[in-house]
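Guided by the hints, dock chain B onto chain A, whose structure is given.
Given next are the chains, with one letter for each unit.
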Amino acid sequence: MELGLSLSVVLFVLGLVGVLVRRNLIMMLMSLEVMLNATGLAFIVAGSRWGQADGQIMFLLILTLAAAEVGVGLGLALQIFHRFHTLDADSMNEMKG
Amino acid sequence: MALILFYITSAVAIFATVMMITRLNAVHGLLYLILSLLSVGVLFFLLGAYFAAVLEVIIYAGAIMVLFVFVIMMLNQGKKTIAQERMWLQPGIWIGPSLLALILFVEMLVVIAFGGNAETGHVVTAKQVGIALYGPYLLAVELASMLLLAGLVGAYHLGKPMLSTSKNGRKS
Numbered sequence: 043m044e045l046g047l048s049l050s051v052v053l054f055v056l057g058l059v060g061v062l063v064r065r066n067l068i069m070m071l072m073s074l075e076v077m078l079n080a081t082g083l084a085f086i087v088a089g090s091r092w093g094q095a096d097g098q099i100m101f102l103l104i105l106t107l108a109a110a111e112v113g114v115g116l117g118l119a120l121q122i123f124h125r126f127h128t129l130d131a132d133s134m135n136e137m138k139g
Numbered sequence: 388m389a390l391i392l393f394y395i396t397s398a399v400a401i402f403a404t405v406m407m408i409t410r411l412n413a414v415h416g417l418l419y420l421i422l423s424l425l426s427v428g429v430l431f432f433l434l435g436a437y438f439a440a441v442l443e444v445i446i447y448a449g450a451i452m453v454l455f456v457f458v459i460m461m462l463n464q465g466k467k468t469i470a471q472e473r474m475w476l477q478p479g480i481w482i483g484p485s486l487l488a489l490i491l492f493v494e495m496l497v498v499i500a501f502g503g504n505a506e507t508g509h510v511v512t513a514k515q516v517g518i519a520l521y522g523p524y525l526l527a528v529e530l531a532s533m534l535l536l537a538g539l540v541g542a543y544h545l546g547k548p549m550l551s552t553s554k555n556g557r558k559s
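So the sequence lines, in the order shown, correspond to chains A and B.
Residues in the first sequence are numbered from 43 upward in steps of one, following our numbering.
Residues in the second sequence are numbered from 388 upward in steps of one, following our numbering.
Chain A with its partners taken away, still in its complex shape (with noise of 0.2 Å):
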């Protein structure tokens, strides 16, 4: 159980640093899937741990949100990249804000 928790830990900072330092928006998108498995990962391993069906459940809406998620990203990143004609994430630096 302690190793299930270790990898979703590991997968998570995989998945964070991947967030940090890629600049492709696409990139950026995948290593965030990455974040959302890693934390999916955790609920299995404590469900499995407890016996519950709770965690599988966690699992089930967190899946949810990633669905949604690529959806509305995807759209976000096709907009952006008819508009700049880049998938660069620095080149939407001209928001004054």
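No lab work stands behind these hints: they were computed from the structure.
C-beta atoms are modelled at their ideal positions from N, C-alpha and C, and glycine is treated no differently.
Incorrect hints may appear among the rest.
Estimated spans, in silico, between C-beta atoms of each pair [claimed, not checked]:
no. : chain 1 : residue 1 : chain 2 : residue 2 : range
1   : A       : Glu44     : B       : Arg473    : 14 to 20 Å
2   : B       : Leu411    : A       : Phe126    : 32 to 38 Å
3   : A       : Trp92     : B       : Tyr521    : 17 to 23 Å
4   : A       : Gln94     : B       : Val405    : 28 to 34 Å
5   : B       : Leu454    : A       : Glu44     : 16 to 22 Å
6   : B       : Val497    : A       : Leu45     : 15 to 21 Å
To be clear about the criterion: a stretch of chain B counts as covered by chain A if any three or more of its residues have a C-beta under 8 Å from a C-beta of chain A, and this derived list gives those stretches [stated by the list, open to error]:
no. : segment
7   : 421-429
8   : 432-438
9   : 516-526
10  : 529-537
Relative to chain A, chain B alone:
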């Protein structure tokens, strides 16, 4: 034996994720991301969460990855697309993900050969999940449906201008 399988699958997951975030090309990263998600699905199976393992493979490694492939292919229109595709489809690229997938496949064969029970934790069946999902968690299911509806409307709204003005995108 299940613990050894758990270690191997964890190593595959970590390796695939590291390879994913270090690939320069998005398609190559996508290949390794699929392997990462598949290995996490195998981990779910080893933990006794069969329903979650099935959903992981079908929805994550199936549906969401198809969305990614669709968008990546949509963003690569133009003259140089054919040369780019030829560059992407070099045979050497497929060796790494194929080897990782082969490891997972061998693990599956080992589990089948040893009688199909390799869980390291308590087994939570789909029936228990369903009973809990439509009992105490009914409100959460409704909220998830609302979230999916919002995602659908948002994706439609964001993607709609592309369908009409895809030829001359607005210059900023």
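- request: Of all the hints given earlier, name the ones this structure violates by number, lowest first.
  value: 1, 2 and 5
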